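Residue numbers (my numbering), protein chains in the order written: chain A, 3 to 287; chain B, 32 to 309.
Please keep in mind that the hints were generated in silico from the structure rather than gathered at the bench. Be a bit skeptical, because a hint or two may be false.
Claimed, not checked - Computed cross-link-like contacts, DSSO-like style, restricted to lysine-lysine with a CA-CA straight-line distance of at most 27 Å:
1) 38/B x 98/B
2) 230/B x 98/B
3) 98/B x 24/A
4) 98/B x 275/B
5) 275/B x 215/B
6) 21/A x 175/B
7) 21/A x 174/B
8) 215/B x 230/B
9) 159/B x 259/B
In this text the structure is predicted, and so the values were computed from the model without any measurement.
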Amino acid sequence: MADAVQSAHDTTTVVRRSKLQKFLSNKTFWRGLTALIVFTLLWEIGSQFKGWFGIEIWWVGKVAPPSDVLTTWISVVQRPGYWESWYLSFSRVFLGFIIAQIIGIPFGLALAVNRYFRDIFFPPFEILRPIPPLAWVPASIIFWPTTELSIAFVTFLGAFFTIVINVLGGARTIDIQYLRAAQSMGATQWNLFTKIILPGTLPSIFTGAAVGMGITWEVVLAAEMISGGGQQSGGGLGFFIWSSYMGGAMEQVIVGMISIGIAGYLSSSLIRYIGGVSMPWRRLF
Amino acid sequence: MTSSATKGAISIRNVTKIYDPEGVNVMAVDDCSLEIASGEVCMIVGPSGCGKTTLLNAIAGFHSVTKGEIYLDGDLLCGPTKPLAEQGADRVVVFQNGALFPWKTLIDNVAYGPIVQGIMSKSEANEKAADMLAEAGLGDVGKKFPGEVSSGMARRAEIVRALINDPKVLLLDEPYRAMDALTKSIMHESLLEVYDRTKVTIFFITHDLEEAIFLGDRVVVMTTRPAKTKKIVDVNIPRPRSYKTLSSEEFRLLVQEAKEAVHEEAIKAFEAGERELA
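Sequences are here, hints too, so could you generate the full structure?
Shown next, in the form of structure tokens:
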């Protein structure tokens, strides 16, 4: 910590430092870590003493303390069902998410560049968009032959609308000067599309992806809870929470919740990483 | 990069442009005629919103004309039979706010034109782009993105991007607006250097009268909207010009002459604005 403070002021000398050293001297990292530790400590104290520093708060005692959660977690990770749940939820999220990208990006671009396409498809799209994905669950269970497919479909819907709206907005707000500059240098229509509109829309595509990913996790967990997790063992993280709740295992519920937090963080880190790689010019900002 | 001296003559004949947004006719250009010789630096000045850019857009093929014709080297660009000119790399535009593609490096930006026109392979174009950027003093930053270089560098790169297409005409729409005086003077010298080398016809819109006199062969003062030519100031200061020109008596008198003409129109434009608001 002292090193971190020191190096921040020490800008006159240029010393090559290893990545680890840089990481350890990163103030943001230390602040984040401290915040997490303090939060966990407050939680532990609150649960143990049913309140903080002599002030009694009745509901705090109902939450299992982090030490118990950790003990439960250690036993839970040894069960294959927990990891199967991870795998199941992740594969459902990514299946729905990837299909939503594959259909949503071209659909959004088509809406943006073609007037006739927009006139025909935008009104039904706008009517379907406000329907929450979870409202589709009953219809989806009836319509699709397997539970797995209906979960995938609802997940897909969760991401699809967000992706399309972002792509459409992004493509429509590309500065007309870029298009004119390209045209005045002899670009063909196809070239305008692939070399100007597509890269110009990439930032919005990734914004849509980040938001869509969050919605996908929300939807998949709810769908798992409602549908009973499908036939496979494990059943997904949503089902894990639900069955733990039904069995009265409060520590396990919290394990499931934190697992989802970690899973969501990993997913959005992945999107940020891909975004950074595919948009090198955006790393400057 | 030597262009023959016989190309790039623009003839604007009785051009009128009426915009028709929701039935309210706005006449932007009224019966405007202007002959620009090949290899001329023609500076267009006039009050804001007077229709200068409309004229540029008509030459570039971004907007149609309502009446009149525009010719490039005797060939019809647009006229009654073809109101919208085709866009082409013989008339490259450099925009007010800069339009380098932010997602391409400077080299890739410059190489873009020859690649999309299919006249060079990717590697040839990249090589030529790197050479031309180096010639313009931008050799070190070719691999950077536009967001990583200064606005002056970006604007110079944009002119290089236009020149690689070997255009007949460069259309510049207030390219150095919003630049500080120091950067501007460096831009001017670099543009003059480019011009002395290529003798490309330049159609340059600006608000800055000193810029206009310093760079131009002729300065065309436009009237307030609808635009037509009000006065043409011939600038007979010999080339190559340098910053020393700026302090000559000749330069000062020409600026004065142009200023009087513009001022008159500025007052009219202001009064017209007052009337519209009243």
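For this session: List, from low to high, the hint numbers that the structure doesn't satisfy.
Result: 2, 3, 4 and 9
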